[in-house]
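Chemist: Here's the letter readout for the chains.
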Amino acid sequence: MRPETEAELAETIKAASGPLRLRGGGTRAIGWSTGEVLETGGLSGIVLYEPGALTLVARAGTPLAEIEAALEAEGQRLPFEPMDHRGLLGTTGAPTVGGMAAANASGPRRVQAGACRDYMLGVRFVDGAGQILRNGGRVMKNVTGYDLVKLMAGSWGTLGVLTEVAFKVLPKPEAVASVLLDGLTQGAATDAMARALGSPFDISGAAHLPEGPEGAPLTLLRVEGFAESVAYRAGRLRDLFAGSAVRIETDPERNAALWRDIRDVAPFHTRAGDVWRISCKPSDGPELAARLGAEATLFDWGGGLIWALLPEGSDARARLGAFGGHATRVRGEGESPVFQPEPAPVAALSQGLRARFDPRGVLNPGLMA
Amino acid sequence: MQMPEPDTRVLSRKAQIVARLRAVLPDDAVIEDPAETRAYECDALTAYRCPPLCAVLPASTEEVSAVLTICHEEGVPVVPRGSGTSLAGGALPTADSVILGVARMNEVLETDYANRFIRVQTGRTNLSVSGAVEEEEFFYAPDPSSQLACAIAGNIAMNSGGAHCLKYGVTTNNLLGVTMVLMDGTVIELGGAHLDAGGLDLLGVVCGSEGQLGVVTEATLRILRKPEGARPVLMGFGSNEVAGECVSDIIKAGVLPVAIEFMDRPCIEACEAFAHAGYPDCEALLIVEVEGSEAEIAEQLGLILQIARRHDPVELREAQDADEAARIWLGRKSAFGAMGQINDYMCLDGTIPVSALPLVLRRIGEMSAEFGLGVANVFHAGDGNMHPLILFDANKPGDLELCERFGAEILKLCVEVGGCLTGEHGVGIEKRDLMTVQYGAADLEVQMAVKDVFDPEWLLNPAKVFPLDVSAARRVVAAE
Ligand SMILES: Cc1cc2nc3c(=O)[nH]c(=O)nc-3n(C[C@H](O)[C@H](O)[C@H](O)COP(=O)(O)OP(=O)(O)OC[C@H]3O[C@@H](n4cnc5c(N)ncnc54)[C@H](O)[C@@H]3O)c2cc1C
Ligand SMILES: Cc1cc2nc3c(=O)[nH]c(=O)nc-3n(C[C@H](O)[C@H](O)[C@H](O)COP(=O)(O)OP(=O)(O)OC[C@H]3O[C@@H](n4cnc5c(N)ncnc54)[C@H](O)[C@@H]3O)c2cc1C
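So the protein sequences, as listed, match chains A and B. If you count by the numbering used here, then the first sequence holds residues 1 to 369, one letter each, in order. If you count by the numbering used here, then the second sequence holds residues 370 to 849, one letter each, in order.
So here's chain B without its partners, still in its complex pose:
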């Protein structure tokens, strides 16, 4: 993966830049010692690393504004960072960049149950947002698997999803407002405790902009009352095709489960070996979860099971109690860990139309044989968001590159069948150079024009999202 050459004019002025940052931040909030900046050299895409010029940890919107004002004046690129769990390299620094981490900004600013929102500083972790409203039986809906660690900052930047977004939507559908600092230090408010924009929906474009339009310091999030209960059912099928048809039939029948998760045989076997969840021996497995009161759950599950029976299931297992429910989820939730035990893997994130599921799974199987690399599939089937895990050996020369080529082919296939490169992890550096597969030159140009408006000098996270050659002219101007 290519990254731009660091700007030597910035590197040579490091001492001066650090001194200016120290003047506006507490001593321990500026990190320049190479031993300590190592902690910021990568995110969860660990194959790519580079220590930044320095890292800063401001504690307020004012401090963020002061930092950005200085970096803007000095022409220093800034890479915003939440918890560093991005799987796309979104928070990967360059040697000439300042990492701006919001980890110290983790306060709850306001909880308002009557109006159903919470306002937080964006360094707060996803799970602790729900934690803050739990005693009133409320929750924040988007639930990425990384929710214990990832921050609202990164969730907004990546427009993150989770297992339950089939019913509740992803981050953008649950975000009401932000406080954001533009690259020149200007603080703006978008949205708030009210619904929808009075003018252009700038909030909508900020969400998912991967830290390229501004640094988000505070967020107003929609909170929801917890349902009375939830229960999963597990279903095993004889083929991926049949499982795919079952998903489509459930959706058509008018039931709206909160989650429909899909695992194929390689994934089932790995999870079984790792977590001993007691999954059946079958080709494809679905976990479907519904919510409501006891009676509502029974009614919905009744319908779902009736549909499933039409597809000759190998097994149908309804959770009778919380214990059994936990066991059904156990394997799925440990899927990534399980795969990590047996192999190095790369996790893809393309989305496809649900109807293309059987075709895509078959083609992935064929490609797996061609590339000689195993693939396990686990994904959010209700909305077609696939997570093929390609297995490779990081110690074997050339295997990572082979794996990346295979991954690129899968993502191209996703686009070919009417889907997209990434459903929730974001483009970052990982899918940057594939953007031209999904979008034409003019489509990318108009997206970059949006960045031109928010960040005319292209200093915020500039080497991400757009292929380097496509953004080159803009970044060159920025460096001058």
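Chain A with its partners taken away, still in its complex shape:
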């Protein structure tokens, strides 16, 4: 099924007699659901783009590449650096706006700029009863009624099918530099990232690769902005870590490649095994990594995001034990749920919302459950 308009989509959902499996680009195949595939690709195109107001509104099936090209032409970008899941999941196809929003996909810049949900200004969607609904708008400040935009972000198509999303966008910076620290242990890297993120130097990425491109550990701190400012802040960071092995990478292409690889967890692409994504308090990172005993790890978000490669069928949560945060199985299959189970009273609220938004349980059933 591939409706061409919002109204057609609403009719399709209304008429559905069984489960529907929502599909944007088919690239973020996380979790399992049964049912007939409902594609959003027919709902495509940029509806409005006002660079001077930093706003872009697009239909949910619009390929992200189209959005990125339009923004690029005006020297702007989506600030939250959404990851591309294709390499990690071995999927093909073109990621869509709706899939990105429904996954709340955010990359390394999350620590500074915020998540996808923080840049979503408004949504239109069709709920499980086939009603066309909207929430939020296209302005940057809006507290009119409940914020269902945040609720739809990261709901993986379980509450409704997004048809249109309004984003706040930002100018692309003039320059970028990465301060590279060589050979740090996980503990030392976590401390270094905390010091950098707690400095006034506006870090837009802080990651640690226990096995860097050359095999040895590499810690990366990114600064972006006007050229002189970037040079100044990179220099101050180098001074902050005087005594460690520090290099500064200023080449735009090499920087782009370094951070793209972190964003997309490139070191895991060619390796077999399950991939888990753990969001935690950054300083808990080294301890949690030790408990995981993973075959490989990658730390982003100053250590607050751990990517872990585990043998097929492993249950990361059993290894982690109780901790503050959540773990999602991004790749692989197993007995344990894909999404972090919630404490009973919170799970009751989530299920209650799902029952209201999708009373017949037709949208991505089984997913996030």
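Since the hints were derived computationally from the structure, they do not count as laboratory data. Take the hints with a grain of salt, since some may be wrong.
[As the list claims (entries may be wrong)] If the Cβ cut is set under 10 Å, some of the chain B residues that face chain A in the computed set are: (1) L394; (2) R407; (3) C411; (4) Y417; (5) G561; (6) V819.
[Claimed, not checked] Covered stretches of chain A (chain B as the covering partner; in silico rule of three or more C-beta atoms under 8 Å from a C-beta of chain B): (7) 127-134; (8) 162-174.
[Said to hold, decoys possible] Simulated pairs of lysine-lysine, DSS-like, Cα-Cα distance not exceeding 30 Å: (9) B/K781 with B/K702; (10) B/K702 with B/K621; (11) B/K536 with B/K702; (12) B/K621 with A/K14; (13) B/K621 with B/K595; (14) B/K621 with A/K172; (15) B/K621 with B/K536; (16) B/K781 with A/K172; (17) B/K536 with B/K765.
Cβ atoms here follow ideal geometry from the backbone N, Cα and C, with glycine treated the same way.
We have chain A; now place chain B with the ligands onto it with these hints.
Modeler: For chain B with the ligands alone, coordinates are given in the frame of chain A:
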């Protein structure tokens, strides 16, 4: 403004309800004497007042839970309250409601600089959160003008903003987690020291829900290291249009100021008369502030001034020192006080797309003439959040109603041009009946469905946010 009739079954059981509350709270934490409940009869929307059944001031999450359990069993509506600075009537009681104030819950529970968060009880004031981390050169970014008085509780409920949210975002972008008590007394945790939700983003919907989904007792807030410095520049222009174009050009150029504030002539004149800030005689004035090291500030201001010069400014004034910086901000910061000196006023809060600024200001001017009421405009221009101040005379019969009608027309205009009714103050009772201008019946229905899930009996702050006729069926069921 209409409020629902109080439930007589609750009123007649007042003694029993108060006795039950006294049994779970210290003596001085239950206030029922009419002379004392007067303190809770309104918030900063003072035109509307009503003393509550009683007020309670619990000191812990457990006490909040005990209070809500009792109110739930007794079928008593509860109105949560922080510091009572809401401009929308969010904390306005009804005669049959219990005011649940969190003012006694103002402790800092944890400060963690390595992980950049602070955990506080929500009765703590906004400014004192920044105060608690100041010695390490950190701060909490959302800075409503009321920050000396308003509590984190109200900030979360209203998703409050401030002058600096152009760069740092509003409350929801800086809130990591909450401890919240549901109406039936259940205590839940949402979020924490980690980022983003593992399941549905319930925290995102709780923020801005105006005390209708639960009582928030503790909050984990993101704190940031202070920038090395900050400096404002003041620019005067010959027309609102030109100032609006300048704002748009600055944004497009890739500079991200922390604040862009806009004042029109009536506002400039009032501030001048009141604060003597030395503002130029012009039609529109912008204050733009940037942050960073000395060199970074110079670089950004250089670019901003270059853009401003293309728009024939009447005046450009760069602060040379802290004193001058303070003087540039002086007028803006005293704007509300200044207007209050000359008149009664109603402060609106609609947001518009930045590109619609000149059109909207022109239309407001025309309407001002039609209604015969003056308007001064002061607002956060970078994000289109307008604060038109409509001047009226509270002692003149009919003037408040006229002012409210005028205000409603301005807000409708905001929606018409692609904006919204409220950018940071919230709906409360003030904009409740205008919700249908922005949202269709089904859009409101799905929002109310969220409340159904969190508070099935509709006991928490029930007469707010949704037009009374729209929520009537649900509130009737609640009262039975
Ligand atoms: C080889 C293979 C076999 C698979 N077999 C199955 C199978 O049998 N059953 C099954 O359920 N899945 C299966 N999947 C996964 C399936 O492709 C996705 O889980 C699901 O269809 C999401 O589509 P996507 O990745 O194209 O979405 P993306 O566009 O990448 O979106 C990511 C998430 O957002 C949701 N989404 C996308 N667009 C919207 C929108 N506009 N509004 C709201 N939500 C949206 C999607 O449902 C998904 O949850 C398989 C994947 C692969 C690679
Ligand atoms: C002079 C002045 C300037 C202002 N400037 C700004 C500004 O720049 N930006 C801005 O955004 N706002 C501003 N405001 C509005 C107001 O200060 C904010 O809305 C503030 O967040 C309210 O906080 P409070 O603690 O006073 O909340 P209250 O007024 O006590 O309550 C506000 C709402 O929060 C709910 N609530 C309170 N406590 C809880 C709780 N524990 N759990 C759940 N819900 C709760 C209440 O039920 C009510 O709906 C201003 C107000 C004034 C008077």
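Chemist: Does B/R407 pass the interface hint, meaning its C-beta sits closer than 10 Å to a C-beta of chain A?
Modeler: With Cβ-Cβ at 29 Å, over 10 Å, it is violated.
Chemist: Can the restraint linking B/K621 and A/K172 be considered satisfied, given a maximum Cα separation of 30 Å?
Modeler: Cα-Cα ~10 Å, so holds.
Chemist: Assess, step by step, whether the Cα of B/K702 is no farther than 30 Å from the Cα of B/K621, and give holds or violated.
Modeler: holds (27 Å)
Chemist: Does B/Y417 pass the interface check with chain A, least Cβ-Cβ distance below 10 Å?
Modeler: Because about 20 Å separates B/Y417 from the closest Cβ in chain A, which is outside the 10 Å limit, the hint is violated.
Chemist: Hold the hint about B/G561 up to the distance rule: shortest CB distance to chain A must be less than 10 Å.
Modeler: holds (5 Å)
Chemist: Three residues or more, CB to CB closer than 8 Å: is that satisfied between the region 162-174 of chain A and chain B?
Modeler: holds (count 5)
Chemist: Is the Cα-Cα distance between B/K621 and B/K595 30 Å or less?
Modeler: The given pair, whose Cα atoms are some 26 Å apart, holds under the 30 Å limit.
Chemist: Is the Cα-Cα distance between B/K536 and B/K765 30 Å or less?
Modeler: violated (42 Å)
Chemist: For the pair we were handed, B/K781 and A/K172, check the Cα-Cα distance against 30 Å.
Modeler: Roughly 34 Å separates the two Cα atoms, so the pair is violated.
Chemist: Holds or violated: B/K621 with A/K14, Cα cutoff 30 Å?
Modeler: violated (43 Å)
Chemist: Hinted pair, alpha-carbon criterion (30 Å max): B/K536, B/K702. Please report holds or violated.
Modeler: Holds - the C-alpha atoms of B/K702 and B/K536 are around 19 Å apart, at most 30 Å.
Chemist: Against chain A, run the beta carbon of B/L394 and see if the smallest gap drops under 10 Å.
Modeler: violated (24 Å)
Taken one by one, the earlier hints fail for this structure at numbers 1, 2, 3, 4, 12, 16, 17, listed in ascending order.
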